[in-house]
Structure formats: structure tokens, C-alpha cells
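Those protein sequences? They're chains A, B, C and D, same order as listed.
Residue 16 in the numbering used here is what sits at position 16 of the first sequence, and the numbering runs on without skipping anything.
Converting from the second sequence to the numbering used here requires adding 1000 to each position, the first position being numbered 1.
Converting from the third sequence to the numbering used here requires adding 2000 to each position, the first position being numbered 1.
Converting from the fourth sequence to the numbering used here requires adding 3000 to each position, the first position being numbered 1.
These are computed hints drawn from the structure, not numbers from a lab.
Accuracy of the hints is not assured; some may be wrong.
Residues from chain C that face chain A, not an exhaustive set, calculated with beta carbons under 10 Å [as the list claims (entries may be wrong)]: (1) 2076; (2) 2189; (3) 2191.
Think of the CB as a built atom: it goes at the ideal place given N, C-alpha and C, for glycine as much as any other residue.
Letter by letter, the chains look like this.
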Amino acid sequence: MDVSILLFYGLATIIVFFALAVVISDNPIYSALYLAITMVTLAFVYFLLKAFFIAGVQLIVYAGAVMVLFVMVMMMFDLKKEKNSFSKGKFANFIKVGSAGWLCGLIFASIMLSKGMLPLANTNTPQAVADTSTKELAILLYTDYIFAFELLGLLLLLIAVGAVAVSRIKGGTHE
Amino acid sequence: MNSLVPIIALTIFVLLFGAGLLFLVSLVGPKPKNSSAKNSTYECGIDVQTTGHSKISVRYYLTAILFILFDIEIIFMYPWALAYGDFIKEGHGLYILGAMGVFLLIFIIGLIWEIKSKALEWD
Amino acid sequence: MGADLFEVSVNLVKMIIIFVMMVQLVPLLVWVERRGSAFIQNRLGPNRVGPLGLTQLLADAVKFIFKEEFVPEKTKRFLFYAAPVVSLVPAAIAFGAIPLSLPINIEQFEMFGSTFGPYRFAFQSFEVGIGIVFVLGISSLGAYSMLMAGWSSNNKYSLLGALRSCAQMISYELALGLSIVGILLLYGTFDFATMIDAQQGPLTFMLLGKEVSVPFLPNWGIFYQPLGAILFFTAVFAETNRTPFDLPEAEAELVAGYHTEYSGLKMNMFYIGEYGHMMAASALMAVFYFGGYDIPFLSPDSVRETFLGWGLSANKAAIATAFLFHVSMFAKILFFLWVFIWVRWTIPRFRYDQLMDLGWKTMLPWALANTIITAIVIYIMRTNWS
Amino acid sequence: MNSLNMLGDFFLSPVGINHYLGLSAILFCIGMVGVLRRRNVLVILMSIELMLNAVNLSFVTFSHFTQNINGQIMVFFVMTIAAAEAGVGLAIAVTIFKRFKEVNIEFFEQLKG
Chain A
1 MDVSILLFYG
11 LATIIVFFAL
21 AVVISDNPIY
31 SALYLAITMV
41 TLAFVYFLLK
51 AFFIAGVQLI
61 VYAGAVMVLF
71 VMVMMMFDLK
81 KEKNSFSKGK
91 FANFIKVGSA
101 GWLCGLIFAS
111 IMLSKGMLPL
121 ANTNTPQAVA
131 DTSTKELAIL
141 LYTDYIFAFE
151 LLGLLLLLIA
161 VGAVAVSRIK
171 GGTHE
Chain B
1001 MNSLVPIIAL
1011 TIFVLLFGAG
1021 LLFLVSLVGP
1031 KPKNSSAKNS
1041 TYECGIDVQT
1051 TGHSKISVRY
1061 YLTAILFILF
1071 DIEIIFMYPW
1081 ALAYGDFIKE
1091 GHGLYILGAM
1101 GVFLLIFIIG
1111 LIWEIKSKAL
1121 EWD
Chain C
2001 MGADLFEVSV
2011 NLVKMIIIFV
2021 MMVQLVPLLV
2031 WVERRGSAFI
2041 QNRLGPNRVG
2051 PLGLTQLLAD
2061 AVKFIFKEEF
2071 VPEKTKRFLF
2081 YAAPVVSLVP
2091 AAIAFGAIPL
2101 SLPINIEQFE
2111 MFGSTFGPYR
2121 FAFQSFEVGI
2131 GIVFVLGISS
2141 LGAYSMLMAG
2151 WSSNNKYSLL
2161 GALRSCAQMI
2171 SYELALGLSI
2181 VGILLLYGTF
2191 DFATMIDAQQ
2201 GPLTFMLLGK
2211 EVSVPFLPNW
2221 GIFYQPLGAI
2231 LFFTAVFAET
2241 NRTPFDLPEA
2251 EAELVAGYHT
2261 EYSGLKMNMF
2271 YIGEYGHMMA
2281 ASALMAVFYF
2291 GGYDIPFLSP
2301 DSVRETFLGW
2311 GLSANKAAIA
2321 TAFLFHVSMF
2331 AKILFFLWVF
2341 IWVRWTIPRF
2351 RYDQLMDLGW
2361 KTMLPWALAN
2371 TIITAIVIYI
2381 MRTNWS
Chain D
3001 MNSLNMLGDF
3011 FLSPVGINHY
3021 LGLSAILFCI
3031 GMVGVLRRRN
3041 VLVILMSIEL
3051 MLNAVNLSFV
3061 TFSHFTQNIN
3071 GQIMVFFVMT
3081 IAAAEAGVGL
3091 AIAVTIFKRF
3101 KEVNIEFFEQ
3111 LKG
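All chains, please: the whole structure from these sequences, using the hints.
Structure (C-alpha cells):
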């Protein structure tokens, strides 16, 4: 038994369990907290895949910023346990869950059938150093993807303006 | 993977340490004597007026949204800062400075706009 | 984690020792804080129990343990108990990722009839290649325990305090994250150990292709990044919710912030988390700007040679050197912890709007300016103009 | 090869690209169920985040197993877009909530310009 097998299955179990809890829990605040746990565990999976910088960004952006925003908004709303948290209609629900399960099976089957078609590189290279892989990423990001990078800066500016504008809309009870 | 096992082990150890300590203390300490005055939510000595969660200013979430956007822009600077020395060594210093210059310009415009638009005012 | 049982167990024990050290430092710091505040305010402070009041710590611990375990009604019980436990995790992991001394290289040795080694033990709980990013990410998870505590208490003061401290934390995280960019530009690495290695020796830098050396100053980050250091340290105060930024606990308006409903050991755990954050922040301050475990004008190799000259074996010399440099690191951490306490009892609390203004309108632009200036200066100095 | 054989193969083989992709597929479908079945708009947003994370995971997996760093850059971009999407989505949700005290997605259908 290799440690990495144990690690992968342990992390995968935690991820799937809490992802299910996000969807099933009928209190949205608990949903948000479960999602935060999922995000942190996913960061560990990225560690396992030697994507160190991406793991750090996952921790900072998803777990440390986006989910904090979600939890904050939930607490502001003061949502109680929801009575009608799921959509109605037995047949419709059956189709919804069934189609998701079918999609999952489809992806699984295609993964298993296309096994060996992708030329895999040797991943047993000596312990990748975080700095060098991040530098590689940086060099690509600021040369080949420079235009996309500047556009994302612009997008973030527009989003900031938009968010402020939306929250300026008058009316309602909260100040 | 080498660093992942100790991180997970330490997390589990700390969680167990905290939970175990709380459990042990609950065994040792005196049993609580309950009374309605003691059990009620603390509200400076008066009877509980609100049900707990009152209305909260929207500014908190506005701050949080702006934080996310600026945080991502800062994260974009980390790989840049890391590779900056290498770019200079290869003679592309002006290029990388200009590339980040445009990005920083957008960042600064955003910051100035936020300050001017009074989205960050607290009263 | 290790190749054989010896290495694994040493790493485990090391990890637990570092965590216990962190927890054990908290009562000591509380004592220093109480005595220090008394000293600053011209009082005596706790001096009755034991010499200098030192056994006050024990009395406090016993008191905390024998407190009644009490939960107010209408709380969300699970989250109410989970919040203090969760508050320990970010601080412990962040502190564990920071190197406290040189790594110890152990050569092959014989014990119980079998040979062991060679080993390399890092003087920290674990080595993460992306040190800075990891520590920033982990410490930003501290917001959850506050929000959990504030919401599960079912008390408006708790919730308001939690939201306040959360908004404050995230606002200053921007300035914190941006002030580090200067350090990254300077050293070009995420790794703490590499960063500390770059700070050895006398102050040396490239000026227009020539190497300039200032022999009477150590090569510490503070001389390259004075503005960054000030911004970082200020932001760290706000991150750890310490005075002058302890708005979540403003008694006049919010009672005790997010831990209004907490008592006994649960309350104490929040303090352990807070002090743990302070320790991690002090260690980061030392690593980024004050050379980490570096002792000015003393290189690790010369120290090891000296120890070898005294007739110690190679392994013992390596261990002794590591512990000597650990003392230096620890002294720096303790100094910054004292600065935390010192500032707390010197500067009054900010008002909330002033606090947010300082974070967004003063520190963020200055951190930006620091980044731009550092980038331009590094460009000018490191480019080969000839 | 029958399906039982395939499953046995899957769980007994050492952890490779298939396992990570499988985890990603499961996560994606859980997120999809959340989007389809939940009625709270905030939970729907969270389910979308879950789906985006699943996609990120498969990007990182391919990036690792083909030793190609391009995938990680895509992840970086996806994270940015996801955060921006969450920001705007929450801003709209909060605005509607302060006006109508409602987070149910079925109520949103009745809103008119």
C-alpha cells in the first residue's frame, strides 16, 4: 500500500462527502461551510498533483475570499432552515438526478474506454520545486497569454464598477 | 506529497487536541445549574429584545466583493514578482515592467474609482 | 514524511513539540502582557502568586479547567463548540511552515546495532515549497472561526463583531499581500529558507552592474524594504485583531465581539489562536525583514567549525549549530511579540471608519507605490547597462 | 471487457490520471444536481462553484500527467472568472433580497424590467 493511494482515496472521500453535503443540507450556511471544507481539501489534491502555486491560489482565492464572502452574505440574510429547499415534482426530480447520474456514468465510461490514448509524460521526474514550476507558469502567462492577462485586469475593473453600481440600487430594507 | 502528510497530520492532531481538551474539561468542571436568566442571550442585562440576527449594513458585503477583486489582482502579481529577476537577466526587463505597468494602471484606476465613488465610506 | 521509522517518528515528535511550544508560550505571553501593561501604566500587575507572579499562569490554567461548561440557549451547539477548535488550526499550520533554524544534516550513525541515516531534518513542522503563498492562504482561513462563532452564538453583538472583524481582516489582507510583493521581487522565491539564505553576510547589492558592499550592516530585508516592513507590520496588527485595531472587541459598542457568549476554556482557545497568529506573524516579520535565524556577521559554517574544534562529533555539531541559530530566531520572535504588547498599551483604538480608511485609502496605495518603486529600482540596478 | 471488470481495474490500479478524472466527474455531477434541484439562488451559485472546481481539477490533472503548464494557466483564469461571477451574482442576489426578501429562484422568474 503506497501512501499516495491512501492520501488520494482519503481526500477524495472527504471531497465527495462534503460536496454531497453542500447539495443535500437544507441550511444554506452549513452548505457554505461544507463547500469551504471541499475547497481546502481540493487545494490538498492540487498539492498531490504538484500544482503548488495553484494550490496556494485555491486556498487564498476560493477558501479565503470567495467562500468568506458567501458565508458573510448568508449570515447577513439570516436564512432559516428552508422548508422548500428542493424543487417539486417527483418525475422531474427523477429525471434531473437520473440525467446527472447518466452524465457521470458516461464520463466514467469514456475515461475508461479512452485509456491509453493520451500520450502521458513521465511524472516521476525528481521532486518538482515550487519556484521553478511557478516561474515556468509566470513566463508563459506574461508572454503567450499576456493579452488575456491584461483583459482579465480590465474585466476585474468592470466587475468592481458593476458590483458597486448594483448595490447602489435604491429601495429595500437593508440600509 | 512529502509535505502533504505532515500538514494533514498536524491538522488532525490540532483538531483532536482542541476537541479532546474541551471534552476533558466538560468532565472535570462543575455541572451547570441552569436558570432562564443565565441561559438567555446576553444583551447587557435587559430582556432579550431581538431574535439575535438584526439587519446589517450592506457595506460589509460590498467590502468583501471589492476585496475579492483586488485580491485576485494581487495574486496575479506574485508569479510576476517571482519571475521578474529572470526576465531582467535575459534582457527583457522593460517588457515585463511594461506588461505589469498596464495591469497596475488598471488596478490604480479601479482603486481611484472606488475611492471616488464613495463605495468605501463608512459612517 | 520520511523513509524509515526513525525519520518518521522524529518528524512527528518535532511537529508536536513545535505545536506544544506554541501553545505553551501563550500563558507566558499573557503574563508578559499583564506585567508589561502594568509596567507601562505605572502599576504592579500580578505579583502575588509565586516569584514575580509567575505561578499566576498555573492558577489561571487551573481556573480555566475547572470552569463550568456552559452554553447559552438557542445557540447552534455544534458550530458553537467547533469554532474555538477550528481557530487553533490556521495559526498552528502557519507557524509550522516557517523555518525556525537551519536544517540539521545528520550523517550515518549506529544505534542499537543498526545503522541509520543520512538524514536531513528541517527545523520546522513541514517544508512547503510555496511558503509565503501557503501561509497567506492558511491564515486567511482564520475568518471562518470568527464567523462561525459570531453566527452560532445567536447574539447580535457576536454577529456584528464577527462581521466587523471579518471585514477588517480581509481589508488588511490586501495591504498585507501587496507589501509582500516587494519581498518577492527582491528575492525571487516563495521559499522561506532560500529567502533567509539570501540575507546572510554583509549588506551587498548590485548597482549598475557593479557590486557594492556595506561591511558594517547585515544583508537584511529591512534595508531594502523599509516601507514594505512598516506596511507589513501594520497590516499584521489588523490581521491578528490586536489594538489599535481590536475593533471587534470594542467594549463600548459591541460588548466583547464575536466571543461575547464564550466562557472558560472555549474562550481561552480563541486567545491561543490569536497569540498563535501573533507568533506566526512575528516569525514572518523576522524571516522577511530581519534575516530569519541569521546572526549578523556569523556564518553557520564558521559556527559549525568552531563546534567541531571543541571536539564535538559532526552530528552533535550540526545539532548544536541549529539550536544556536534557533536562539537567534526565537529572540527575534520574542522581540516582535513584545512590540505587539507594547503597541497595545501605547496606542488607543481607532474608530471603525478610520480603520477602514487607513486600510483602503492609505495602506493599499502606499503598498502599491512600494511595489512600483521596488520594481523600477530593481530594474535599474540589475540591468546590465553596458 | 465487462463493466464489473472495469470497476475492479479502476480501484485496484495505482492512482493515475483516471482516478483524478473520475473524481472530477463525480464532483461535476454533484454540482449539476445542486443546480438542477436546489431553489435557493445562493446554493445554486455555490453548486456552480463546485462545477467550476471540478473542471479546474481536470485541468490540473491533464497538466500534471502531460507535463504541460498551459493547463495551470487555464485554471488560474477560471478561478478569476469564477470569483468575478460569484461577486456579481451575490451583488444581484443581495439587491433582490433587500427589495423582496426572497432568495427562491422560482420567484426570480416573476421579476420584470
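How the hints compare with the structure:
Annotation: residue 2076 of chain C was flagged as interfacial toward chain A, and the flag holds, the nearest CB pair being 9 Å apart, inside 10 Å. Annotation: interface hint on residue 2189 of chain C holds; nearest CB of chain A at approximately 5 Å, less than 10 Å. Hint status for residue 2191 of chain C: holds, given a least beta-carbon distance of 6 Å to chain A, under 10 Å.
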